[in-house]
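Engineer: For the record, the sequence lines run as chains A and B. My numbering applies: residue 133 is where the first sequence begins, and numbers increase by one. My numbering applies: residue 35 is where the second sequence begins, and numbers increase by one.
Bear in mind the hints are in silico, worked out from the structure with no lab data behind them.
Straight-line distance between alpha carbons at most 30 Å, and here's what the computed DSS-like set of lysine-lysine pairs gives:
| hint | chain 1 | residue 1 | chain 2 | residue 2 |
| --- | --- | --- | --- | --- |
| 1 | B | LYS265 | A | LYS286 |
| 2 | B | LYS325 | A | LYS205 |
| 3 | A | LYS264 | B | LYS340 |
| 4 | B | LYS130 | B | LYS100 |
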Amino acid sequence: MTRAEDTARRLKRRHRAEKRFRLYGIGAVTSALVVLALLLGTIIVNGSSAFTTTEMRLTVFLDPAVIDPDAKKNRDDLLQADYGAIVLAALQKRFPEATGRSERLQLLKLASPGARDVLRDMVMADPAVIGKTVEVSVPASDNIDLLRKGKMTKAQAVSGGKMNERQFAWYDKLAADGLVRGTFNTRFFTAGASREPELAGIWSAVVGSFMTLAVTLVVAFPLGVAAAIYLQEFAPKNRWTDMIEVNINNLAAVPSIVFGLLGLAVFLNYMGLPRSAPLVGGLVLALMTLPTIIIAARSAMQAVPPSIRDAAVGLGASPLQVVAHHVLPLAMPGILTGSIIGMARALGETAPLLMIGMVAFIVDAPTSPMSPATVLPVQVYLWADSPERAFAEKTAAAVLVLLAFLIVMNGLAIYLRRKFERRW
Amino acid sequence: MTRNTLALAAMAAIAFAGAAHARDQIHIVGSSTVFPFATKVVEEFGKTTKYKTPVIESTGSGGGIKLFCSGVGVNTPDIANASRRIKASEVRACAKNGVSAITEVKIGFDGIVLANSKKAPTYNLSRKQIFLALAKEVPVNGKIVKNPYKSWKQIDASLPDTKIEVLGPPPTSGTRDAFVELVMEHSADEFPEIKALKASDKNRHKQVASALREDGAFIEAGENDNLIVQKLEANPAALGIFGFSYLDQNKDKVHGSIVEGQSPTFEAIADGKYPVSRSLYFYVKNAHVGKIPGIDAYIREFTAEKAWGDTGYLAEKGLIPLPATERRGAAKAAQGLKPLRM
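All chains, please: the whole structure from these sequences, using the hints.
Structural biologist: Dropping the structure here:
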């Protein structure tokens, strides 16, 4: 074999290796994309149906004999009244053939327990409606909702003991009269947690997440940036600062539940802050996010060329002026990107919140950072564990909402970087 | 540095504000088994009374009672849910922290079922057979050895020739505790070899009676019972262990095995005929009644017939009610805040 042949052969081999390497890379990216598409696809397929819900139109007589028998309009009595009987009376008017006790119960089950809430809210808002006949849209039961969306077949409903033939007949009749229809599920965005899937919503969890993240941002951002400035620009290089640096890098990789335990010990047991409060959740997540922000801020400041510092010093700026007027503004896009990514991670956390009592059933949206709250990922977790079938689509829909928030936050980080980043 | 100081000062200020924070909302902690029932009650309670909807944390029975017993005051829970009775040691711990008067309310029963996919036939098992299938060590020919059984048929000729594969909850779960107590420990002493250990080596006895297999026949499937149902559907050869309400909600996919001749039906559990069932409770801190608004009204809501009765909204969620006569007495005792004596 001549030398030239040998070289050509080796060159070919190198080219082949090059090509193979590229294929490996493309393969890795494609398989990641396929998995991502599969994940997103199933979530969207499962979750998109939760954005619609099923309503029934009923003509309801708000019978004073049931709601307010002694005509005193006492608010406590109005709250306690048996609105189920009124819903049942309205349904019975359409289906007078349902007379027996069990038949009437089955008839009532076409409507969600939320139907009573609709009537109660109406009466509480304006007690003058008592005695009138009104047309209202009330939520249908979760089984009817699943049936209409095709998420449950009639055969499944029968073998699962959820509905029977008589109920199908009633439902079909209501549907034929145009009284059952699908609408946009506003309740999903405005209601708090509920044990009835058709009434459950994410609002209280969204507010809780927002408050928690606000506390995290207010605490972690200034502390993180201040710590980064000191360590990067002012601190002397010695064994102490080295140790601090190693510790910060270490903390960034600590499992998040450890921060929950710390929060339980310090904020709840020692400082006596209330359980389940967004304030405590925010503080715990701030501790978790702090190392991420410090590391991001330091590397952003490190990327500012020394020539800028030298020029400022040369013109007589004090060290503080150098940092405040030159280094910090130039490093800000990088700091913000790092902080937003840290916050996005905090938004998705449940484990540390378990320890401080935020894995809770919360109906009313929190009014202050001290009132009990839960967060979106916890809501997802609790719904995923609920026995009712209809919670499956709620779970997926809540995941979609969480993903939307994450995409917005990460998009903002990219936008800020693109817009303000300077290259030297 | 000024920023650091400022932030620290702010945190300290918040901390002091927190300590003085009054509470107008009931705070409930405890069992994840009682959680789906208690949440239904608080929801109704919040809607139909002037009080705020109580907050319920799902902490597990033990964790909940520990929090409940940590003292008296707004920073401690008012009510603890439990899927087992409070232990004497816990009552003592409570008393040590000043929680001396506790009202116990038994709310109903929960059955633990062994279910499999509807595509496969229903199993008909005795507790002894379940023990032989799932215990880590079993007696064979007078000696206690590592569980050798691979297929159900090896245990009893009447059982199908399928590989033993049971999905169940992890040790942190109350359902697991109850299953071990009601099935494994219960039937362990039916074997003379294990019974003999009781006298000679108590720790070893406890271990043999309660340890589940770790060789792949018993699979810890996590706390999420929905996941177990899904896995059973995909694998008709497997059995799963979970609470009755999940069977109730998934009757079109899975069916419950017959245990000691009893099918896990609503009626059989309510009558106490189905052997693998436990009582559910909640505990009220009497010192908080009247201090935190609405606790007495919450007890009334929970113990009303429309909630825990035979056709109440809790029965619809899968809670198995107490017998009618016991209910009446229990409601009265609960509403009268009769303190627990042990």
